[in-house]
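J.: Here are the chains, one letter per residue:
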Amino acid sequence: MREIIKMIVVLTVLSSFSGGLLAAIRGGTMEKIEYQQLVFVKGPAIRNILEGCSNDPIVDRFKIKDGDIERSFFVGIFDGKANTVAFEGVGKGFGGDMGLMVGVNIDDDKIIGMGVTTHSETPGIGSKAQTDPKFPNQFKGLAAIEPCKVKPDGGEIDAISGATVTSRGVCVGVTDATEIYKRLKPQIAEKIQEFK
Amino acid sequence: MAKTITQEFTKGLWDEIPPFRLVLGLCPVLAVTKSVENGLGMGVAVVFVLVCSNMLVSLLRNIIPSKVRIACFIVIIATFVIVVELLMQAYAYPLFLKLGIFIPLIVVNCVVLGRAEAFAYKNGPVRSIVDGFGIGIGFTISLTALGALREVFGSGTFFGMSVFGPSFQPFTFMVEAPGAFVCLGLMLSLMNLAGNK
Amino acid sequence: MVDNNMVDTNKFIVSHAPFWHDGSKISTRNYNIALAALPAILLGIIFYGMPAVGVISLSISSAIIWEFVFRRVTKRSNTIGDGSAAIIGMLFGMLLPATAPWWLVILGTFVAVVIGKQIYGGIGANPFNPVVVAIAILMISWKDLFDFNEALMNYDFDFAMVYPLAALKHFGVSAVDSFNAGDLLMGKQSGGIGSTFGLGLIAGGIYLIIRGIIRWEIALSFLAGVFITALIFNMTDSARYAGPVIHLFAGYTLIGAFFLATEDSSSPVNFIPMLIYGVGAGFLTVLIRNIGVYVDGVIFAILIMNLTSPLLDKIKPKAIGKAA
Chain R
1 MREIIKMIVV
11 LTVLSSFSGG
21 LLAAIRGGTM
31 EKIEYQQLVF
41 VKGPAIRNIL
51 EGCSNDPIVD
61 RFKIKDGDIE
71 RSFFVGIFDG
81 KANTVAFEGV
91 GKGFGGDMGL
101 MVGVNIDDDK
111 IIGMGVTTHS
121 ETPGIGSKAQ
131 TDPKFPNQFK
141 GLAAIEPCKV
151 KPDGGEIDAI
161 SGATVTSRGV
171 CVGVTDATEI
181 YKRLKPQIAE
191 KIQEFK
Chain G
1 MAKTITQEFT
11 KGLWDEIPPF
21 RLVLGLCPVL
31 AVTKSVENGL
41 GMGVAVVFVL
51 VCSNMLVSLL
61 RNIIPSKVRI
71 ACFIVIIATF
81 VIVVELLMQA
91 YAYPLFLKLG
101 IFIPLIVVNC
111 VVLGRAEAFA
121 YKNGPVRSIV
131 DGFGIGIGFT
141 ISLTALGALR
151 EVFGSGTFFG
161 MSVFGPSFQP
171 FTFMVEAPGA
181 FVCLGLMLSL
191 MNLAGNK
Chain D
1 MVDNNMVDTN
11 KFIVSHAPFW
21 HDGSKISTRN
31 YNIALAALPA
41 ILLGIIFYGM
51 PAVGVISLSI
61 SSAIIWEFVF
71 RRVTKRSNTI
81 GDGSAAIIGM
91 LFGMLLPATA
101 PWWLVILGTF
111 VAVVIGKQIY
121 GGIGANPFNP
131 VVVAIAILMI
141 SWKDLFDFNE
151 ALMNYDFDFA
161 MVYPLAALKH
171 FGVSAVDSFN
181 AGDLLMGKQS
191 GGIGSTFGLG
201 LIAGGIYLII
211 RGIIRWEIAL
221 SFLAGVFITA
231 LIFNMTDSAR
241 YAGPVIHLFA
251 GYTLIGAFFL
261 ATEDSSSPVN
271 FIPMLIYGVG
281 AGFLTVLIRN
291 IGVYVDGVIF
301 AILIMNLTSP
311 LLDKIKPKAI
321 GKAA
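Residue numbers (the numbering used here), protein chains in the order written: chain R, 1 to 196; chain G, 1 to 197; chain D, 1 to 324.
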């Protein structure tokens, strides 16, 4: 009996010690990890969209609560004015969810750029949405308050040949982003003042 | 039997160098050594885990009941592995992306568990730390050497820098999975050749 | 054939049964193989000139040197006299295009002799054909050097200098219509130095079969496997899959059937296993050529069948007087 109690006590103490240590370290590194993930996963897309801005959009970011979800917005400063935000939308592709970044100019509500961040599309076909600049460039200048569609569906985006599902998924993602934008525009406009 | 502290350290560098003499922990050895950088990063992670877990196991060796010792070792090792994983994410994210799943898999690396069971559970903390350090360094050296061999011939680079110039056509086989087995085998046989005088 | 060079037999240990016995020494066998390969090599040299001579001689000499160096470094007896290393070098050279760079040849013979053969304990102990191992490893690494069309682009002959299998893979059956069996047999196609002269290879193969050095069961069943599989493919869709003639006489098929698949220690020794081994290799060859991504499947087919050879040898005749 004593032996069993000893086992239980030792294991419990050890586990709780381990749990405490991990919680402490996780708390300490969480912010840093989030920043690293932004830099290496979403960073390239964000930089691409906000090309030519004079600040570091990954540092200049803010969060807005949208229902249960907290969304991150990255601010781009052009000509000394903080008038552009980049944020994430989600679309459904051929191989699952696709994350994409959309940059919007809040002065004229126009999309200034789009880039796919995470995807699991077929390499060489659907993955072109991320690698071939021609496709994302079509989104530049579209109105950020209207849904966006591929040509077969009555929109104005040329689908990637052989990857209609992916193209459609990207459009759904952009539409998702525009809806977020419409919903949160007042808060975005308010928060972005801080960066001016 | 009684070895000096120095001997405890140096045995990990040659007599008991993990992948080549103990032939333990082969999974990361084969999988991550596509480049020197990966090998070195993996090695450093293992050194940290090994030293910390050896120290803790050795300190607690009189408290841990022998019937649940493996469970206790795993808890200790897993804790330090997660610590390494978090630290690596925070400070060396690109390396973390390359090593991926193999960082969490250090938990089941035989070298770490093997040293806890075979050495730290029976020896004092100072000796255990030295032992963990020696074995860990040996592991790192092996991984780095294998990574260097495979990267230099398989991609023509060393730490990402070109070695042979642009005319070199890389021996792609070396950075693929079968190349890892062939390289490891050749290095093992060279070690045996050098050792069996 | 139970020569004291077979394994290191100074303790009277021989490798496990069964054995072939034909009374000759290993070196005699190897000289016969070299003799049988000569016509194919000669035609390659006539076609491709000095570069072919260079590749073949560098290949043979570097193979012998690797064998010598390895045996010396590992403090074993010197075995270059048995001719096995020379044969490995020769066959390896025959499979290469005449334009192969020097480092490819030297590296290839290293892989063949050291990783393919000596690592396992030397002659008679290798589970795979060393030459095939080397070609497979190099082919994975440097695909473009083994693209015979590209490699041999600078040669100008009075016949279409096209590698039939590559043309078949990339441009379909119509691209190989111009090939007829006679031209292919006379080596009027692009390919390795010693792998294109079909008639020479067949003659050499028949010579070796008559001398009892290679097993007719393996060579013939290999060719039959290729023929039947190609025929079946051709019959199901003749617009997509070429007929058996192309598959038989192009690429490495003939050299594979007579010189590679028949290698002693990596092929089975009993009658039925030999048939299965040959047909299997032929079947896989055509399968890889028609469906797989590689242009020629002989190399990988033989490797895969080498792997099965110890298992196949479990099928053996019942011992007399023993109950089932």
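Note that these hints are calculated values from the structure, not bench results.
Virtual Cβ for every residue (Gly too), placed ideally from N, Cα, C.
Among these hints, one or two may not hold up.
To give an idea of the chain R side of the interface with chain G (calculated C-beta under 7 Å), a few residues [unchecked claim]:
1. I5
2. K6
3. L14
4. T29
5. K32
6. I33
7. L38
8. F40
9. Q187
J.: Look at each hint and say if it fits the structure.
T.: Here is what the structure says about each hint:
no.: 1; hint: I5; verdict: 10 Å, violated
no.: 2; hint: K6; verdict: 6 Å, holds
no.: 3; hint: L14; verdict: 5 Å, holds
no.: 4; hint: T29; verdict: 4 Å, holds
no.: 5; hint: K32; verdict: 4 Å, holds
no.: 6; hint: I33; verdict: 5 Å, holds
no.: 7; hint: L38; verdict: 10 Å, violated
no.: 8; hint: F40; verdict: 5 Å, holds
no.: 9; hint: Q187; verdict: 30 Å, violated
Violated hints, listed in ascending order, are 1, 7 and 9; each of the other numbered hints is respected by the structure.
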